[in-house]
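A.B. asks: Heads up: the sequence lines are chains A and B, in that order. Numbering-wise, my numbering puts 21 at position 21 of the first sequence, and it's gapless, one number per residue. Numbering-wise, my numbering puts 36 at position 36 of the second sequence, and it's gapless, one number per residue.
For the record, the hints were derived by calculation from the structure and aren't laboratory data. Fair warning: there could be bad hints in the mix.
Listed below are the simulated PhoX-like cross-link pairs for lysine-lysine, each with C-alpha atoms no more than 20 Å apart in a straight line [said to hold, decoys possible]: (1) K166(A) / K26(B); (2) K151(A) / K8(B); (3) K8(B) / K164(A).
Listed next, the stretches of chain A that the computed footprint assigns to chain B, with coverage defined by at least 3 CB atoms under 8 Å from CB atoms of chain B [as the list claims (entries may be wrong)]: (4) 18-24; (5) 31-45; (6) 52-65; (7) 134-148; (8) 156-170.
None of the values given here were measured: they were computed from a predicted structure. All C-beta atoms in this analysis are idealised placements derived from N, C-alpha and C, irrespective of residue type, glycine included.
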Amino acid sequence: MEVLERFAQGDLEAFEALFRQFQGQVYGWIVCIVRDRGIAEDLTVETFWRIYRAHARFHPEGNFGAWARRIATNAALDHLKTARREVALPDDLAAGAQPDPAVHRETREQIERAFRELSARLQVAATLALVEEESYEQIAEALGISVGAVKSRVFRAVRLLRGKLKGLGVEP
Amino acid sequence: MSEANNEKMRELLRRAVPPVADRELKRDLWPQMLRRLAERPARVPWFDWALLAVPAIWFFFSPEAIPILLYHL
Chain A
1 MEVLERFAQG DLEAFEALFR QFQGQVYGWI VCIVRDRGIA EDLTVETFWR IYRAHARFHP
61 EGNFGAWARR IATNAALDHL KTARREVALP DDLAAGAQPD PAVHRETREQ IERAFRELSA
121 RLQVAATLAL VEEESYEQIA EALGISVGAV KSRVFRAVRL LRGKLKGLGV EP
Chain B
1 MSEANNEKMR ELLRRAVPPV ADRELKRDLW PQMLRRLAER PARVPWFDWA LLAVPAIWFF
61 FSPEAIPILL YHL
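Start from the sequences and build out the full structure, keeping to the hints where you can.
C.D. replies: Given below as structure tokens:
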């Protein structure tokens, strides 16, 4: 019997095989959203916990990776909704450890703060689309919404950011 | 909102919130997962049961209160 079929029936060994195969992929997706390694690891476990509980709802002919990514996105969104105002974005994960000299430190902090004030839904869409440059199709699949809805969220995020930055005296 | 403005906003955002450079998982999370699986399901606190018991006892001794409550719901 295929591993996906056995997983759908609640087989723990099949679940372990899928966990080992997909944990890196799920973690990589989550860390892009929450931008903290420790939290991303916890949320990866939380995602697979949700996956394990929902095994009976999984169709073995379906795409496990896409299903896992959607559950991971929801777990990350739930985390951001509760913790986004408390946790600062860590810099150690960022590409290039040195801050960009072209943008003044204070301006960077203002942009970062304004970005973190966006709702979790807008923040996730904007992070994945603008910062991580994931495809709109992939983001739409992970969020369970249409490509148009993703574009709309990104558009609203940019508009709100621009408004916030203008209010702070930063002209984007 | 022009495309050029959007591009400028994207650039500013990427400088303030740079992309994640290292997405690789550094360790196996299966032991953590096993611990999570071994955890007992969440238990209902005793005071929740007590809160449930109060109306149950009330309805048991005063069944005439049930339609009154239903009317107000």
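A.B. asks: Would you mind marking each hint as holding or not holding in the structure?
C.D. replies: Here is how each hint holds up against the structure:
1. With a C-alpha separation of about 40 Å, the suggested pair K166(A) and K26(B) falls outside the 20 Å cut-off, and the hint is violated.
2. As the CA atoms of K151(A) and K8(B) are separated by approximately 17 Å, the hinted pair is consistent with the 20 Å bound.
3. Proposed proximity of K8(B) and K164(A) is supported: the alpha carbons are some 15 Å apart, at most 20 Å.
4. Remark: the region 18-24 of chain A is confirmed as covered by chain B, as 4 of its residues place a Cβ nearer than 8 Å to a Cβ of that chain, reaching the required three.
5. Residue count for the region 31-45 of chain A with a Cβ under 8 Å from a Cβ of chain B: 7. That meets the three needed, and the coverage hint holds.
6. Under the rule that three or more residues need a Cβ within less than 8 Å of chain B, the assignment of the region 52-65 of chain A is violated, with 1 such residues.
7. Given a C-beta distance limit of less than 8 Å, the hint that chain B covers the region 134-148 of chain A is violated, as 0 residues qualify and 3 are needed.
8. Taking a C-beta to C-beta cut-off of 8 Å, the region 156-170 of chain A contributes 4 residues in contact with chain B, enough for the three needed, and the coverage statement holds.
Consistency note: the structure conflicts with the earlier hints numbered 1, 6 and 7.
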